[in-house]
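Engineer: The numbering used here numbers the first residue of the sequence shown as 10 and each following residue consecutively.
Hints in this document: simulated from the structure, not taken from any laboratory. Only a predicted model underlies this, so the values are computations on that prediction, with no experimental measurement involved. Please note that the accuracy of each hint is not assured.
Between beta-carbon pairs, the in silico distance windows are [stated by the list, open to error]:
#1 Pro53 to Ala307: 45 to 53 Å
#2 Ala240 to Arg104: 23 to 31 Å
#3 Glu247 to Gln48: 38 to 46 Å
#4 Gly267 to Glu40: 19 to 27 Å
#5 Gly267 to Ala193: 26 to 34 Å
#6 Glu236 to Ala60: 49 to 57 Å
#7 Ser252 to Arg301: 17 to 25 Å
A virtual CB, placed ideally from N, CA and C, is assigned to each residue, including glycine.
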Amino acid sequence: MSTATATAAADAPVWDEEVAAAVTRLTAAAENEYYNPYQTFEWPERIPEGALWMSEDLLTVHGTAAAAELSREQYLALSKWESINFYSLNVHGIRELMQEVVRRIHAPGYEIPTPFFHHFLGEENEHMWFFAEFCLRYGGRLFPDRSMAFPGEKHSARLDNFVVFSRILIFEQIVDHFNSKMAADPALPDTIRAINRVHHQDESRHIAFGAQLVRALWQRLVEAGDERETAHGRQYVEKYLQSSIQQLYSVDAYRDAGIPDPLAFRARVIADPARQAAHAAITARTTAFYRRIGVLDAA
10 MSTATATAAA DAPVWDEEVA AAVTRLTAAA ENEYYNPYQT FEWPERIPEG ALWMSEDLLT
70 VHGTAAAAEL SREQYLALSK WESINFYSLN VHGIRELMQE VVRRIHAPGY EIPTPFFHHF
130 LGEENEHMWF FAEFCLRYGG RLFPDRSMAF PGEKHSARLD NFVVFSRILI FEQIVDHFNS
190 KMAADPALPD TIRAINRVHH QDESRHIAFG AQLVRALWQR LVEAGDERET AHGRQYVEKY
250 LQSSIQQLYS VDAYRDAGIP DPLAFRARVI ADPARQAAHA AITARTTAFY RRIGVLDAA
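Just need the whole structure built from these sequences, with the hints factored in.
Structural biologist: What follows is the structure, given as structure tokens:
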């Protein structure tokens with residue numbers, strides 16, 4: 010066996026019985042719960058401008074001193090544009106995660122998760138379509154992708170796989186925090202509740218699948234015994250959580266809501282002590298998961 014072949018074999022993912030069982034269960038659920046998204050939604054001509062477009066406790070100004078400075082008109086406009094920002098983040102995030110999964114589907118080492126990858130890619134493509142459709146119909150555009158790029162370094166395939174599937178899982182869990190709340194919020198228009206409800210239903214499968222992959226990949230990384238790589242994995246999860254929260258605070262949304270000096274407003278809102286509890290709530294499920302599998306400290 011060549012050195013390159015031996016290295017590839019050592020770095021290949023190892024999936025345990027829990028992963029295999031999850032793939033079987035979730036693939037069957039995806040097939041049984043399949044729907045045609047292109048025929049699922051009713052798209053009204055417009056969403057009322059005088060209505061909330063996002064649940065109030067999900068707005069970035071919730072609980073802050075800055076919220077009291079906004080007129081009712083600005084406040085409702087902010088709910089509209091933060092809604093557009095949220096769905097734009099979904100479009101950009103889905104596009105990225107699909108690219109990573111496409112690189113791995115039917116690749117050596119991915120024989121076990123590949124059956125679910127097919128459903129994952131099909132569903133995520135449909136999610137990207139209906140989120141983009143909402144933005145284009147009711148906001149006139151998608152907000153630009155302002156995600157932070159982390160410096161590229163050369164790592165083992167083990168670490169790269171852990172990082173990629175952690176990025177997917179963290180993204181999905183944060184999005185689902187918003188979806189589950191807005192799907193059940195009677196203050197929101199029916200169209201907004203519907204797209205959040207449908208996405209939440211699909212994401213429950215994707216999150217269960219992703220959690221199993223990340224758990225197995227972290228176990229493989231720890232077993233390899235490279236402390237530098239495990240330290241990098243821990244740091245990446247922390248940084249990506251912070252970056253994901255930062256993207257919710259959109260200068261584009263503040264500007265379109267008619268808020269003067271949106272950059273300064275953003276800085277002030279992020280720094281408000283009231284936002285720390287909101288950040289903890291948004292990331293609670295994710296931090297609990299990563300603590301449970303030993304990536305983040307229990308403290």
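Engineer: Each hint: holds or not?
Structural biologist: The hints, checked one at a time:
1. Pro53 to Ala307: 45 to 53 Å: At 48 Å between Cβs, range holds.
2. Ala240 to Arg104: 23 to 31 Å: holds, 30 Å
3. Glu247 to Gln48: 38 to 46 Å: holds, 42 Å
4. Gly267 to Glu40: 19 to 27 Å: Because 47 Å falls outside the window, the suggested range is violated.
5. Gly267 to Ala193: 26 to 34 Å: holds, 29 Å
6. Glu236 to Ala60: 49 to 57 Å: Holds: the Cβ-Cβ distance is about 53 Å, inside 49 to 57 Å.
7. Ser252 to Arg301: 17 to 25 Å: holds, 22 Å
The earlier numbered hint that this structure contradicts is number 4, and it is the only one.
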